[in-house]
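Protein chains in written order, with the working numbering: chain A, 14 to 365; chain B, 35 to 288.
Derived from the structure by calculation, the hints contain no laboratory data. For every residue, glycine included, the Cβ atom is placed at its ideal position computed from N, Cα and C. One or more hints might be untrue.
Stretch-level coverage of chain A by chain B, calculated; a stretch enters the list once three of its residues show a Cβ under 8 Å from a Cβ in chain B [what the hints assert, rightly or not]: (1) 205-215; (2) 261-269; (3) 299-313.
Listed next, with one range per pair, are the computed distances between beta-carbon atoms [as the list claims (entries may be wrong)]: (4) L142/B - F213/A: 41 to 47 Å; (5) A35/A - N41/B: 52 to 58 Å; (6) D204/B - A167/A: 35 to 41 Å; (7) G54/B - A35/A: 24 to 30 Å; (8) L169/B - A167/A: 34 to 40 Å; (9) A98/B - L348/A: 54 to 60 Å; (10) G259/B - L358/A: 58 to 64 Å; (11) G138/A - L169/B: 52 to 58 Å.
Computed far set for chain B versus chain A, every beta-carbon distance over 10 Å [unchecked claim]: (12) G48; (13) G62; (14) L65; (15) A90; (16) A113; (17) R124; (18) L203; (19) D204; (20) L214; (21) N230; (22) D236; (23) P252; (24) A269.
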Amino acid sequence: MTAQAGFARASRLAWTGRVVLAALLLIAAVASGAAIGETSIPLAVIAKTLANKILAAGYPLDAIDEGIIWNYRLTRTIVAACCGAALAVSGVVLQSLLRNALADPYILGISAGASTGAVTVAIAGLGAGLVSLSLGAFAGAVLAFLLVALLARAAGGGVSMQATGQIILAGIAGSQLFNALTSFIITKSANAEQARGIMFWLLGNLSGVRWSDVWLAVPVAILGVLVCLWHRRALDAFTFGSDSAASLGIPVRRVQIILIGTSALMTAVMVSMVGSIGFVGLVIPHATRFLVGVRHAGLLPVSALMGSIFLVSADIASRIAIPGQVLPIGVVTALVGAPGFAIILVRGRRIR
Amino acid sequence: MILSIHNLGWSVRGLPIVSGATLDIQEGETLGLIGPNGSGKSTLLKLMAGLLEPSAGEVRLKDAPLVHLPRRAIAQAMAFVEQHAETAERFTVRDAVELGRTAWLSALQPWSVQDDAIVARALVDVDMDGMENRLWHTLSGGERQRVHLARALAQQPEILLLDEPTNHLDIQHQLSILGLVRQLPVTTVIALHDLNQALTCDRIGVLHKGQLVAVGSPHDVLTVGTMRDIFGVAASFLTDPADGNRIIRFHPAF
Chain A
14 MTAQAGFARA SRLAWTGRVV LAALLLIAAV ASGAAIGETS IPLAVIAKTL
64 ANKILAAGYP LDAIDEGIIW NYRLTRTIVA ACCGAALAVS GVVLQSLLRN
114 ALADPYILGI SAGASTGAVT VAIAGLGAGL VSLSLGAFAG AVLAFLLVAL
164 LARAAGGGVS MQATGQIILA GIAGSQLFNA LTSFIITKSA NAEQARGIMF
214 WLLGNLSGVR WSDVWLAVPV AILGVLVCLW HRRALDAFTF GSDSAASLGI
264 PVRRVQIILI GTSALMTAVM VSMVGSIGFV GLVIPHATRF LVGVRHAGLL
314 PVSALMGSIF LVSADIASRI AIPGQVLPIG VVTALVGAPG FAIILVRGRR
364 IR
Chain B
35 MILSIHNLGW SVRGLPIVSG ATLDIQEGET LGLIGPNGSG KSTLLKLMAG
85 LLEPSAGEVR LKDAPLVHLP RRAIAQAMAF VEQHAETAER FTVRDAVELG
135 RTAWLSALQP WSVQDDAIVA RALVDVDMDG MENRLWHTLS GGERQRVHLA
185 RALAQQPEIL LLDEPTNHLD IQHQLSILGL VRQLPVTTVI ALHDLNQALT
235 CDRIGVLHKG QLVAVGSPHD VLTVGTMRDI FGVAASFLTD PADGNRIIRF
285 HPAF
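Same shape as in the complex, but just chain A (with noise of 0.2 Å):
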């Protein structure tokens, strides 16, 4: 019995210590997101303009740094996180329920159906300019998901071995449709401004974030990486097949629809938010696959907290690679991402 009261208290007190770890890494990544621009900032002045702004402490400060900081990077850094965070866990998710080491958070036509939105609201006018190019994007995100799940569904997807490979091919074929009717409306409506535009915007754009997003994308993660935690020994138990999951109790076909309806709806946020920002829900997972093992318990948090770091790298990394101009952050990610995607790959099987 004080054997086993040791151990709880044990892993007890090794959780608390992790969970502060991770807390004190994403508050150095916001902060160091906060600092580093085209004009470095000291972090004592990043403190002292969150001081201003949450406690009202009235320490003289230059009024334009306090504005870069307070209303351009700490938002940008903060959903950067944020979206890392849900890409990574929603990318672990569908991986595991689709059984799929390609699967991504896009592959069930998401981000094809967010630029199918922002096109017809930015290009083809949708909305006479009441409607934002965010909810276009969102509106789309959601539609494209919808059809792709009824296709998957009338495919019979759903239960069996088979039947997640329904879903991804549903996936690819509402992906390859909303594509076209990116393009179609692009070439058919867009003038050259337009298109380079929307094209920025597609590759993944922080530049637009305002505090308002900011309120938007952190419950979205928060709760969405917690209802994926909270299935984190269901994920487990899909391992061996949705059969097996089945027998050793888990509630196939509710469990498949919770988390991938979160994944979805999570990705359909952080999207329209911010473009369709590739390879973080692919190769997060995977690298964090090589650091922690392939249990959810740890996979999970480990994913949200490095997808988070890696994003608001990348963002820095965008705002500082070429002076005077802002790469587009999806740019970043790739550029980084498929060499060390590389790397992954052929250390790993080295380590098989």
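Given the coordinates of chain A, assemble chain B onto it according to the supplied hints.
For chain B alone, coordinates are given in the frame of chain A:
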């Protein structure tokens, strides 16, 4: 009756795979299911496990219709070892066996030392202790099968449904696994290919073209007539001088 099926049927695109199967399984017995390839053994087991929805009839677990029970309650009573369950993940033996505890844990309930003990015990039972940290893809077919069985044991079920659990095993482990299953205080339904192994079951059900054509003691069911009509072979019974038990020898039926 711990598990019973009544007029159970399952068909795919109008083609009946199992039809009209009725059977009561007694608590504590080991029931062997035999039949040629494609006779519906795996399908019948999956129906019993609730993994397939019957197109006719019903399965009752302790007199409750299986379709009305939550998956979690079913899994606490019944464990199923499939024939082919594979993974490409870097799963260890211990990870795989720990899955057996899923039905007994909830999202807020942490893994406990009792769970550790149950997993360790299951590993010992299938002779896989000391291999906890081996990765799944490094295991042989027989080792994988033993791990699956350990996972089912860790589930601590009252009923074990086993789909040809011995078909990848070496002879020593075939005998030890069958011995273990017989000696466990659980009800077992086991699909078998080796008819001599089926001889050791308490009762045998014979499947032929999706129908349960005979159920009874091995002595009554495994006859020369069954061998000829169902399996298409001639058979003769010999007595093992070592212990006086009967064994079957097969010849092509010309």
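Hint-by-hint comparison with the structure:
no. : hint                        : in the structure
1   : 205-215                     : violated (count 0)
2   : 261-269                     : holds (count 5)
3   : 299-313                     : holds (count 4)
4   : L142/B - F213/A: 41 to 47 Å : 45 Å, holds
5   : A35/A - N41/B: 52 to 58 Å   : 56 Å, holds
6   : D204/B - A167/A: 35 to 41 Å : 47 Å, violated
7   : G54/B - A35/A: 24 to 30 Å   : 58 Å, violated
8   : L169/B - A167/A: 34 to 40 Å : 39 Å, holds
9   : A98/B - L348/A: 54 to 60 Å  : 59 Å, holds
10  : G259/B - L358/A: 58 to 64 Å : 60 Å, holds
11  : G138/A - L169/B: 52 to 58 Å : 56 Å, holds
12  : G48                         : 16 Å, holds
13  : G62                         : 21 Å, holds
14  : L65                         : 18 Å, holds
15  : A90                         : 20 Å, holds
16  : A113                        : 7 Å, violated
17  : R124                        : 6 Å, violated
18  : L203                        : 19 Å, holds
19  : D204                        : 23 Å, holds
20  : L214                        : 20 Å, holds
21  : N230                        : 28 Å, holds
22  : D236                        : 23 Å, holds
23  : P252                        : 28 Å, holds
24  : A269                        : 35 Å, holds
The structure shown violates the earlier hints numbered 1, 6, 7, 16 and 17.
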